[in-house]
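Student: Go ahead and model the full structure; you've got the sequences and the hints to work with.
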Amino acid sequence: MSQFDAQSALIRIEVDGDAHPVPEGITVIQAMWNIGRPMLHGVGCLGGVCGACPITYRLPDQLASKTGLACQTAVREGMAITFIPSDVSKKAIAPLPKESPTQKTLFQYYPETRRCTACRACTSVCPQEIDVMGGVRAAINASSLGDLSTVAEKFTACVMCGLCAAVCEVQIKPHRAGMYARRLTGAFYPKEATRLLDRIEEVRSGKYASAWNRLLSADDEALSDYCRSEEALQGLAG
Amino acid sequence: MSLDDSKTRVHESRAVRMKEERALLSPQDKDALIRRHHPDYKKEAYRTIRIGPNEGEQTVHELANLLEGESPIASEAISLSPHHQADLLIIGGGGAGATAALTAKGAGAKVLLATKLRLGDSNTVMAEGGMQVAVSPEDSPVRHFLDSLRGGYMKNDPALLKTLVEEGPEVAKWLMDIGVLFDREEDGNLSLRGGGGSSKPRLLRCKDYTGLELMRVLKDCVLNEQIELLEFSPIVELLTDGEGACTGAILKNLDNNQYIVVQAKSVLLATGGIGRLHIQGFPTSNHYGATADGLPISYRAGAKLTLQDTFQYHPTGAVYPEPMSGILVTEAIRSVGAQLVNVKGERFVNEMETRDAVASAVIRECAEGRGVETPAGRRGVWLDMPMVDLINGEGTLAHRFPNMLRQFSRYQIDIRKEPVLVYPTLHYQNGGIQINVDGESTVRNLFAAGEASGGIHGRNRLMGNSLLDIIVYGRRAGRAAVKRAAEVSLGKLTLQHLDRFHEAQKKAGVVPQAVSPMLFPDYAKKN
Numbered sequence: 001m002s003q004f005d006a007q008s009a010l011i012r013i014e015v016d017g018d019a020h021p022v023p024e025g026i027t028v029i030q031a032m033w034n035i036g037r038p039m040l041h042g043v044g045c046l047g048g049v050c051g052a053c054p055i056t057y058r059l060p061d062q063l064a065s066k067t068g069l070a071c072q073t074a075v076r077e078g079m080a081i082t083f084i085p086s087d088v089s090k091k092a093i094a095p096l097p098k099e100s101p102t103q104k105t106l107f108q109y110y111p112e113t114r115r116c117t118a119c120r121a122c123t124s125v126c127p128q129e130i131d132v133m134g135g136v137r138a139a140i141n142a143s144s145l146g147d148l149s150t151v152a153e154k155f156t157a158c159v160m161c162g163l164c165a166a167v168c169e170v171q172i173k174p175h176r177a178g179m180y181a182r183r184l185t186g187a188f189y190p191k192e193a194t195r196l197l198d199r200i201e202e203v204r205s206g207k208y209a210s211a212w213n214r215l216l217s218a219d220d221e222a223l224s225d226y227c228r229s230e231e232a233l234q235g236l237a238g
Numbered sequence: 001m002s003l004d005d006s007k008t009r010v011h012e013s014r015a016v017r018m019k020e021e022r023a024l025l026s027p028q029d030k031d032a033l034i035r036r037h038h039p040d041y042k043k044e045a046y047r048t049i050r051i052g053p054n055e056g057e058q059t060v061h062e063l064a065n066l067l068e069g070e071s072p073i074a075s076e077a078i079s080l081s082p083h084h085q086a087d088l089l090i091i092g093g094g095g096a097g098a099t100a101a102l103t104a105k106g107a108g109a110k111v112l113l114a115t116k117l118r119l120g121d122s123n124t125v126m127a128e129g130g131m132q133v134a135v136s137p138e139d140s141p142v143r144h145f146l147d148s149l150r151g152g153y154m155k156n157d158p159a160l161l162k163t164l165v166e167e168g169p170e171v172a173k174w175l176m177d178i179g180v181l182f183d184r185e186e187d188g189n190l191s192l193r194g195g196g197g198s199s200k201p202r203l204l205r206c207k208d209y210t211g212l213e214l215m216r217v218l219k220d221c222v223l224n225e226q227i228e229l230l231e232f233s234p235i236v237e238l239l240t241d242g243e244g245a246c247t248g249a250i251l252k253n254l255d256n257n258q259y260i261v262v263q264a265k266s267v268l269l270a271t272g273g274i275g276r277l278h279i280q281g282f283p284t285s286n287h288y289g290a291t292a293d294g295l296p297i298s299y300r301a302g303a304k305l306t307l308q309d310t311f312q313y314h315p316t317g318a319v320y321p322e323p324m325s326g327i328l329v330t331e332a333i334r335s336v337g338a339q340l341v342n343v344k345g346e347r348f349v350n351e352m353e354t355r356d357a358v359a360s361a362v363i364r365e366c367a368e369g370r371g372v373e374t375p376a377g378r379r380g381v382w383l384d385m386p387m388v389d390l391i392n393g394e395g396t397l398a399h400r401f402p403n404m405l406r407q408f409s410r411y412q413i414d415i416r417k418e419p420v421l422v423y424p425t426l427h428y429q430n431g432g433i434q435i436n437v438d439g440e441s442t443v444r445n446l447f448a449a450g451e452a453s454g455g456i457h458g459r460n461r462l463m464g465n466s467l468l469d470i471i472v473y474g475r476r477a478g479r480a481a482v483k484r485a486a487e488v489s490l491g492k493l494t495l496q497h498l499d500r501f502h503e504a505q506k507k508a509g510v511v512p513q514a515v516s517p518m519l520f521p522d523y524a525k526k527n
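From first to last, the protein sequence lines are chains A and B.
Just so it is clear: in the first sequence, position 97 is 97 by this note's numbering, and no numbers are missing.
Just so it is clear: in the second sequence, position 522 is 522 by this note's numbering, and no numbers are missing.
Derived from the structure by calculation, the hints contain no laboratory data.
Values in this document were obtained by computation on a predicted structure and should not be read as measured data.
Beta carbons are placed, not taken as given, at the ideal position from N, Cα and C, and that holds for glycine.
Check each hint, because a few of them may be wrong.
[To be verified] Restricting the straight-line Cα-Cα distance to at most 25 Å, the calculated cross-link-like pairs of lysine-lysine (DSS-like) are: (1) B:LYS30 <-> B:LYS304; (2) B:LYS173 <-> B:LYS304; (3) B:LYS304 <-> B:LYS492; (4) B:LYS417 <-> B:LYS19; (5) B:LYS43 <-> B:LYS155; (6) B:LYS110 <-> A:LYS90; (7) B:LYS173 <-> A:LYS98; (8) B:LYS19 <-> B:LYS200; (9) B:LYS417 <-> B:LYS506; (10) B:LYS304 <-> B:LYS43; (11) A:LYS207 <-> B:LYS173; (12) B:LYS43 <-> B:LYS30; (13) A:LYS104 <-> A:LYS91; (14) B:LYS173 <-> B:LYS155; (15) B:LYS110 <-> A:LYS207; (16) B:LYS19 <-> B:LYS492; (17) B:LYS200 <-> A:LYS191; (18) A:LYS91 <-> B:LYS110; (19) B:LYS173 <-> A:LYS191; (20) A:LYS90 <-> A:LYS104.
[Claimed, not checked] To list a few chain A residues with every Cβ distance to chain B over 10 Å, as calculated: (21) ILE11; (22) GLN30; (23) LYS66; (24) PRO95; (25) LYS104; (26) PHE107; (27) THR123; (28) GLN128; (29) GLU129; (30) ARG137; (31) GLY146; (32) ALA166; (33) GLY186; (34) ARG195; (35) ASP220; (36) ARG228.
Tutor: This is the structure we're talking about:
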């Protein structure tokens, strides 16, 4: 398809030790297709949100390797690339509690979180630029549900690629703990969404029943009148 | 005009454009615009389907070839003794499949969930804008119904649509109860935003990560419930009892190329969309596996499709920088003020028209020489995002659209300061497998939910109605399948529907153009 339409200059990249010429200005995933790899594992949404395609890569003359998502990283001259299997960490079976959660709830399922040595490796590899270690430290220091919401907030952009867990020297699974903190925060949100609850009650009580009767028995012409006129709509609701 | 010169014009015209009021098109003008420029009206892109339940009807060549295609199973002798048995076999690990799995498992059914890639790899995870639910006191499910009906050109199935909007509030509550974090107001109420074609703000959202948030939570629940999973195992053919009812499916393990035979009391196709067929050569916003697998598979088993001739081209897919081409820029960004601007720095459409109208207007600008050419030879128009912060205050883009900001910043484009180039991208299959309100297709014991199904959205889906669709109909299909499991026993496994399909092919002189399902786009260069 259109991926290779562009007549761009060729650059050289290295994949698992083999050198390949590829067009400039394409993503690492597109480069894999260009060198003839169809890709199965290591590809997903192609939009940077599913976490299927973490890579590590090194650029010429740079000491430190970098990490990224293959669908969100453009190839560069001399780039040496290795795909890393997407998240393989085992998820704790962590149901939501009956009572309002505390820090204990989180540590019951993810006890290793407490072992953080503040090395910052997790933060340095996150392709979403999340302050991962900040999230882990916030969990360790959490004393209330409100504190758990701070943890939750930190992981909003997490794509669950698991790179943070892969580099943690004490086997913390920050993405999983973060996900659990998010679910706890959502399920035990301190304030009610009263308008939503009111609407559910209205629907249950049959408030719209007569409007539905009229709409579902209307012919096309009558329906299109309802669609066009605000007045007709108001009449329905009444 | 060069890209940079044109960009300068966008900056220069901004102050004037910000004050410009532009009315929505009259129904007649909108209709004329769409008929002239929307890809759904390009006659040469379509042909007649020659066999099967929709014989004589139209669809695009790409889909017609798959519907009339050859089963990968046809020429092979394969043992049909089952490797797995289940009350409900779910095909697809996106939002609809995961929701159905949780519902059915919760009601005590034995569920097997098979998916082509990993659990969660889907279009769901990429949804940015939100989920429509009529929550505010000025709004109502009835208003939601009429907005959607108008958006769908009155071609929506009224019963399906009524169920969708009426169960919206309830499923929003369910999602919140399992831990989905929608954006909230200070007082705890859900924060709502407007979308194209909607007369009241009713989009629930989690910044611009709404689909990711839903999918992460649903996936977490599926793993917690320890639902039996077969990943990297797409469906390749259905199994029937020889009397028209579905009794199971054949999957293929992509890691060892072995077939897996599953016997099930019912099968749910939650196989998602079609974007990777690149209909009419369009780029797509869809995930890698969006190849419409459920359509040819159900079609061969006798399931009727509906509205299989209409597709949604999202108006704003990125066309520059090149590595981002096809990636979506959420419609929500237009609902807070970003304008579309042509090469001369002029606005040309009210940005809150429905998607089909906005997409048609962008195509018109480019076709009539008012588009901007990218260095890679693509054409597009400007989406002026810096306006969002000017209108709503500095920090709005960063706070509400962190995903957009990050994606463009990877290529050194700061959307707070610069406009970006966009062109319509193939986004959604408006139609699909015809279902009733329980999600059952015209083939007994065969269900469909989510993008694979059709009828709910008519000829044009409103923004935010698909996330709602997958949850409402995922739950309904899950429930209906559990009920069915109590009524039927495991059936005979045959491929007799394929024999009948072959006869029909022969009779109509159809020589299959493709093997279907397609499973993946063929991007890899042959060396």
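Student: Does each hint hold? Answer for all of them.
Tutor: Taking the hints in turn, this is what the structure says about them:
1. B:LYS30 <-> B:LYS304: violated (31 Å)
2. B:LYS173 <-> B:LYS304: Measuring from Cα to Cα gives roughly 33 Å; hence the hint is violated.
3. B:LYS304 <-> B:LYS492: holds (22 Å)
4. B:LYS417 <-> B:LYS19: Given pair B:LYS417, B:LYS19 holds - Cα atoms ~19 Å apart, limit 25 Å.
5. B:LYS43 <-> B:LYS155: holds (20 Å)
6. B:LYS110 <-> A:LYS90: holds (23 Å)
7. B:LYS173 <-> A:LYS98: Cα-Cα ~17 Å, so holds.
8. B:LYS19 <-> B:LYS200: holds (23 Å)
9. B:LYS417 <-> B:LYS506: violated (61 Å)
10. B:LYS304 <-> B:LYS43: holds (23 Å)
11. A:LYS207 <-> B:LYS173: Answer holds: A:LYS207 to B:LYS173 is near 19 Å, not above 25 Å.
12. B:LYS43 <-> B:LYS30: With Cα atoms ~19 Å apart, B:LYS43 and B:LYS30 stay inside 25 Å; holds.
13. A:LYS104 <-> A:LYS91: holds (18 Å)
14. B:LYS173 <-> B:LYS155: With a Cα-Cα distance of about 29 Å, the restraint between B:LYS173 and B:LYS155 is violated, given a limit of 25 Å.
15. B:LYS110 <-> A:LYS207: This hinted pair is violated, its Cα atoms lying about 37 Å apart.
16. B:LYS19 <-> B:LYS492: Violated, because 68 Å separates the two Cα atoms, which is more than 25 Å.
17. B:LYS200 <-> A:LYS191: holds (24 Å)
18. A:LYS91 <-> B:LYS110: holds (22 Å)
19. B:LYS173 <-> A:LYS191: holds (13 Å)
20. A:LYS90 <-> A:LYS104: Cα-Cα ~20 Å, so holds.
21. ILE11: It holds; A:ILE11 is separated from chain B by about 13 Å at its closest Cβ, greater than 10 Å.
22. GLN30: violated (7 Å)
23. LYS66: holds (12 Å)
24. PRO95: A:PRO95 is in fact no farther than 10 Å from some Cβ atom of chain B, at 6 Å.
25. LYS104: holds (18 Å)
26. PHE107: holds (18 Å)
27. THR123: Holds, because the least Cβ-Cβ distance between A:THR123 and chain B comes to about 15 Å, which exceeds 10 Å.
28. GLN128: violated (7 Å)
29. GLU129: Not fine: 7 Å to the nearest Cβ puts A:GLU129 too close to chain B.
30. ARG137: It holds; A:ARG137 is separated from chain B by about 21 Å at its closest Cβ, greater than 10 Å.
31. GLY146: holds (14 Å)
32. ALA166: holds (16 Å)
33. GLY186: violated (4 Å)
34. ARG195: violated (5 Å)
35. ASP220: A:ASP220 not clear of chain B: closest Cβ-Cβ about 6 Å, inside 10 Å.
36. ARG228: violated (8 Å)
In summary, the structure is inconsistent with hints 1, 2, 9, 14, 15, 16, 22, 24, 28, 29, 33, 34, 35 and 36 from the numbered list given earlier, while agreeing with the others.
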